[in-house]
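*Asks:* Residue numbers (our numbering), protein chains in the order written: chain A, 22 to 243; chain B, 191 to 353.
Read the hints as simulated data drawn from the structure, not as lab findings. Watch out, some of these pointers could steer you wrong.
[Claimed, not checked] Label-pair restraints from in silico Cβ distances: (1) A/131 - B/225: 52 to 62 Å; (2) A/210 - B/271: 50 to 60 Å; (3) B/265 - A/74: 45 to 55 Å; (4) B/207 - A/173: 42 to 52 Å; (5) B/347 - A/223: 23 to 33 Å; (6) A/208 - B/260: 19 to 29 Å; (7) A/131 - B/238: 40 to 50 Å; (8) A/201 - B/204: 34 to 44 Å; (9) B/249 - A/224: 36 to 46 Å; (10) B/352 - A/129: 29 to 39 Å; (11) A/225 - B/271: 33 to 43 Å; (12) B/242 - A/223: 26 to 36 Å; (13) B/272 - A/199: 25 to 35 Å; (14) A/200 - B/347: 34 to 44 Å.
Built from N, CA and C at the ideal position, the CB exists for glycine as well.
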Amino acid sequence: MSRINIDQFDVDGAVAEARGQLSRAELLTAGLGAIAGALALAQPAAAARLSATDRAVLNYALSLEYLQAAFYTEAERSKAITGKAGKAARTVGAVERAHVAAFLDLLGTDAVKRPRFDFKGVTEDRDAFLKTAVAFEDLAVAAYKDQAIRIESPAVVSAALGIHTVEARHAAWMRYLNGIKPANAAFDEPDSKRKVLALVEDTGFIASAPRTTAARKPGFSG
Amino acid sequence: MPMLVLGQENDDARVLDLLLLVEQTEAAFYAAALDAGILEGELLDFAQTVAAHEREHLAVVEAAVGDPSTAPEFDFTRHLAEPEAFARAAARLEDAAVGAYNGQAGNVSTKVFTVAARIVSVEARHAAWVRSIEDRDPAPDATDRALTEAQVRRRLDEIGGTA
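This is chain B alone, in the form it adopts within the complex (with noise of 0.2 Å):
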């Protein structure tokens, strides 16, 4: 990893590239979810709380990219046959963007990492209410492991990818 200086040398757009491709593949989860049907209750509410999050975050890296590339084409069905799984993914591809953000934070501007720290926190929450709900412990560890952009892709390829 490259010595990292605040608002210096910073890749601003190489790292909202990666940070789109998170927010896209969040929203297209969630909106995938509620549109299958399959949930109820505190995972409904969970859900459609939480797209609404998404789709703002999306809003906002878009507007900061720019010229955002579309979205590429998702395949969520293997976590949409019943709640448990959504959960289960929806806890995996929350912990993935907090490692997103945590591990592209040194690479950018200060105006991108005020933004970005912002949405990080939420999306640990988003992490945590889902694991909740599930009677899993939300907050395993005493620190958030910083994730690199390799591990990132490899994640949401394993979560949204199509075969």
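Bound conformation, chain A alone (with noise of 0.2 Å):
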């Protein structure tokens, strides 16, 4: 079999099953991972059949998953984030961990090393967190609006709606904590690759390259 077809990823029926199997806190963090464990148990080399685009997509997808996942993981690990906010940090958290599970899955050894972040305290901040976590929440919702097109596999794009939709929900959730409208227009606007990673370079926050390709030392964030 060379293709990947729909039926290999029923999100629907996947997750249909396993909610009836799982609690809810087992089925957040297995979540998509069990989905794409679903999906390389009925395609072994699943990985070795995405094509070189959807091998990009899902590369790029992966560098904004771990982005959010340290991010949330950092703000956890201070304990200065409490209360409502506290609780949102952890229950993201564990999602973006679950995605970065899932689309390492995916990839297999074609997947992008993790850099090392240096989120400069803002993770030790309440306000600066709820107003970093509402600037990543959004720019991923708008950068996988922008890339579900180009996706050619069917099981690689369902995926990706899925988790599309669950950014969003992240994005009002934090917007909420944050005291601004959780949904400011009728229509969510995509936002370029370039546009995308332009920004996320201009918050400094990633720190050094992966260290199998980086091309000089890391430096120390303190």
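Can you join these two chains into the complex? Each is in its own frame, and there are hints to help.
*Replies:* This is the structure:
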């Protein structure tokens, strides 16, 4: 078999079945990983069968998920974000880690390596945390929306869309906690990869490229 | 489910018919909720904002359909006796909309896909917003379920169907 078809990635069937057997907490962390696992089971060499275009899209998505997962994980570990914002950081962090795991499963050895991040203290201050979270989530929504149409494999499209709307839920949640309107327009606009990556670079949060490809020694983040 | 290839063998007309019903249901639901006069504070702000969004979505889908059918008759009274019931129904309705768009994305042309993608994330924002107001988990899962057409129609009927 050379094609992955939607039957083998039946989000509805797979998740519906999983829901019956797993507690909500298990489902949360298993989440997308379970679906990626089901795909791998159906297609032992799923990553090898991805087109170059799809590998590029997935690696781009993975790089955004690395950023988000690291951000929320650091916020959780700082213990400085408490109350409703702290609960949101924990819940969203678990989901972003599940997204990372799912993309790593799909990409296998083709996956880009995780860079080192320096969030410059924004994970230790509630206001800075929420402001950054809103920016990341809105950016993720715009990025997935821009990329979904480019994906060639229906299975991967399906996965990307299921994540796209979860990022939108996160965006609305973080906006609500930050006291701004969770949905401020009837339509969400896409953002190009070039624009998204430029915005991410401008934050200075990526302290160093992955070690395997770094051209210079990583700096100290303090 | 059929093999889905974006931009080919699409079924825009059938899909748009379903999405039209989704948007008709949402627009009618929020209009009825505002008419009922039971909302205040955050839930009123939510309903007013979302009602306007859904009217815009409906207009776009109607334009895409070309010759849209008129909305069926709805009955939302069971959700409009008190604000909490409204909030629960709104969350379920927005989830159904997200599932409807995600479930049909593979069946449509690139043109419809692009428009639908701009709408579906706003529906997800609505779903999370109303849960935030009610202090319920706005995003409990790692991925949103895609719903089949039959599942969508059943959920819409559960919320707004006339007995």
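*Asks:* Can you let me know if the beta-carbon spacing of residue 272 of chain B and residue 199 of chain A is within 25 to 35 Å?
*Replies:* The hinted range 25 to 35 Å holds for residue 272 of chain B and residue 199 of chain A, with Cβ atoms some 29 Å apart.
*Asks:* So the hint says 42 to 52 Å: do the beta-carbon atoms of residue 207 of chain B and residue 173 of chain A match that?
*Replies:* violated (27 Å)
*Asks:* Is the distance from the Cβ of residue 352 of chain B to the Cβ of residue 129 of chain A consistent with 29 to 39 Å?
*Replies:* violated (52 Å)
*Asks:* Falls inside 45 to 55 Å, the C-beta gap from residue 265 of chain B to residue 74 of chain A?
*Replies:* Given a distance of about 47 Å, which is inside 45 to 55 Å, the answer is holds.
*Asks:* I want to verify a distance hint. Is the separation of the beta carbons of residue 200 of chain A and residue 347 of chain B within 34 to 44 Å?
*Replies:* holds (37 Å)
*Asks:* Should the hint that residue 201 of chain A and residue 204 of chain B are 34 to 44 Å apart at their CB atoms be regarded as holding?
*Replies:* Given about 38 Å between the Cβ atoms, the range holds.
*Asks:* Can you tell me whether the CB distance of residue 208 of chain A to residue 260 of chain B sits inside 19 to 29 Å?
*Replies:* holds (24 Å)
*Asks:* So the hint says 23 to 33 Å: do the beta-carbon atoms of residue 347 of chain B and residue 223 of chain A match that?
*Replies:* For residue 347 of chain B and residue 223 of chain A the Cβ distance comes to about 48 Å; the hint is violated.
*Asks:* Range first: 52 to 62 Å. Now tell me if the beta carbons of residue 131 of chain A and residue 225 of chain B are that far apart.
*Replies:* Holds: the Cβ-Cβ distance is about 55 Å, inside 52 to 62 Å.
*Asks:* Is the hinted range of 33 to 43 Å satisfied by the C-beta distance from residue 225 of chain A to residue 271 of chain B?
*Replies:* For residue 271 of chain B against residue 225 of chain A, whose Cβ atoms are near 52 Å apart, the range 33 to 43 Å is violated.
*Asks:* Just tell me: holds or violated, for the beta carbon distance of residue 210 of chain A and residue 271 of chain B against 50 to 60 Å?
*Replies:* violated (38 Å)
*Asks:* Go ahead and decide if the range 26 to 36 Å is satisfied by the Cβ distance of residue 242 of chain B to residue 223 of chain A.
*Replies:* Check passed, 33 Å falls within 26 to 36 Å.
Of the numbered hints stated above, those contradicted by the structure are hints 2, 4, 5, 10 and 11, listed in ascending order.
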